[in-house]
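Enquirer: With chain U fixed as given, assemble chain F onto it according to the hints.
Number of protein chains: 2
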Amino acid sequence: MKNKAIIILSGGLDSTTLLYDLVQQRGPENVVALSFNYGSKHNVIELPLAVKSCRKLKVEHVLVDLREIFSHFKSNLLQGGEDIPTGHYEQANMKLTIVPYRNGILLSCAIGLAESIGADTVYYGAHSGDHFIYEDTRPEFIKAFSEAAVLGTMNKIRIEAPYSNMNKASILKRGGELGVDYSLTHTCYSPNEKGESCGRCGSCQERLESFEENKIEDPLVYYNPRVILKNNDKQ
Amino acid sequence: MKNKAIIILSGGLDSTTLLYDLVQQRGPENVVALSFNYGSKHNVIELPLAVKSCRKLKVEHVLVDLREIFSHFKSNLLQGGEDIPTGHYEQANMKLTIVPYRNGILLSCAIGLAESIGADTVYYGAHSGDHFIYEDTRPEFIKAFSEAAVLGTMNKIRIEAPYSNMNKASILKRGGELGVDYSLTHTCYSPNEKGESCGRCGSCQERLESFEENKIEDPLVYYNPRVILKNNDKQ
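Chains U and F are the protein sequences, given in the same order. For the first sequence, my numbering gives the first residue as 1, with consecutive numbering after it. For the second sequence, my numbering gives the first residue as 1001, with consecutive numbering after it.
Next up, chain U with everything else stripped away, as it sits in the complex (with noise of 0.2 Å):
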């Protein structure tokens, strides 16, 4: 019999693959999905994908609101916070767009979630893009992580990111042989009121650019031009 596992999903291409790969490797029924509204502009659009996409798949669903711990943090890309910049994610200033500690905070909940149900393996989606601004995506912070809790269960519970090491272009690659309904998906950190993408910050471009590698059209709709900028436009 195989154990259940809980992967961390928001609703982003990446976890969304992810979950479709632990889907054909597990069966549905051994997968439990886990979503946070951790109070940033784009959990009210990512999260109703994530509830489409686990119903599409016949996957269980837990929602977790830790809106209040991040009500004391200080980010661009929370609620409250300034302006998301834009540009490509390899620029200073999207820095800002940090949430301190964040996949270490939703990492432990979803630790303790497993111990709670029996489940042997967290998964998330990092992946390599993340790895120049976010400290808490490398892989080395992944591995001492893992060990933690290891340590700290009495399940000896384990973290794995499969995609740790792959750009968005090679995720989204897995994606198409997976079948992923990319209209599910949500990336953008400056999304208009109707949900709709700016193609300009550092998570647009580099899906933008991800789909173009792969010769496919993304099915999200954008408010602006879909232009993949260059290094001279980048502010």
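I should point out that these hints are in silico values taken from the structure, not numbers from a laboratory. Don't take each hint at face value.
If you want a taste of the chain F side facing chain U, the calculated C-beta under 8 Å gives, among others [what the hints assert, rightly or not]:
(1) Val1064
(2) Tyr1101
(3) Ile1111
(4) Glu1135
Only pairs whose alpha carbons sit at most 25 Å apart, straight line, appear in this in silico DSS-like list of lysine-lysine [what the hints assert, rightly or not]:
(5) F:Lys1041 <-> F:Lys1194
(6) U:Lys156 <-> F:Lys1074
(7) U:Lys4 <-> F:Lys1215
(8) U:Lys143 <-> U:Lys156
(9) F:Lys1143 <-> U:Lys156
(10) U:Lys52 <-> U:Lys156
(11) U:Lys41 <-> U:Lys74
(12) F:Lys1041 <-> F:Lys1074
(13) U:Lys143 <-> F:Lys1156
(14) U:Lys4 <-> U:Lys143
(15) U:Lys173 <-> U:Lys58
(16) U:Lys143 <-> F:Lys1194
(17) F:Lys1143 <-> F:Lys1156
(18) F:Lys1052 <-> F:Lys1004
(19) U:Lys52 <-> U:Lys173
(20) U:Lys4 <-> U:Lys52
(21) F:Lys1173 <-> F:Lys1215
(22) U:Lys194 <-> U:Lys56
(23) F:Lys1173 <-> U:Lys74
(24) U:Lys74 <-> F:Lys1004
(25) U:Lys173 <-> U:Lys56
Computed far set for chain U versus chain F, every beta-carbon distance over 10 Å [stated by the list, open to error]:
(26) Ala5
(27) Lys52
(28) Ser108
(29) Arg174
(30) Leu178
(31) Ile216
(32) Tyr223
Remember, it's a predicted structure, so these values are computed and weren't measured experimentally. Yeah, the Cβ is synthetic: ideal placement off N, Cα and C, and Gly gets one too.
Expert: Okay, now just chain F, sitting in the frame of chain U:
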């Protein structure tokens, strides 16, 4: 200039002693106490005492409500859980008081807050009496978790648990030197509606033994006679 430090303050004997220790080492202006309501049966008694200790020492106090995530977990320690077992920590039934990965979750939140306010260290009051039952209080867990925190933050936040190799009696001795007001601490897992202690749970038994060993009187009110149970009497 000294940097700020965060201490996770439950309002129990160990963390309250550590609060006094840090105030002596760093000055009250460089200490921020962080308390969590995670839905335990004793939070309702402990947290107002944590508030009073901070007020007494002129330390900034942040209280965070984490009841929603913990409502998904099973433990006799949580509201809605079964009754707390009686007897010593060494007994297997005390495992029912484990809250899955509690310290991992609380530490992660504290690390996020430390990163947000520019603190360099997170302190918590794990002690050796916890090790047998609670995986997430052991020195090897603290070491791995601290490594993850250093890797996962821009400010390289460290975790320190200076009492992790001390027992409760040694902590109480240290508290005597620091002038800790132990009437503003709570230890019991099964208090009555007046907030009086049972004297029977593993926590109470350890506390009573520590006061006896230090030959001082515990200022708390117990609703059962103060008796240290022999092994034969333990349930």
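Enquirer: Determine which of the earlier numbered hints do not hold for this structure and return their numbers in increasing order.
Expert: Numbers 7, 10, 16, 23, 28 - these are the hints that the structure violates, sorted from lowest upward.
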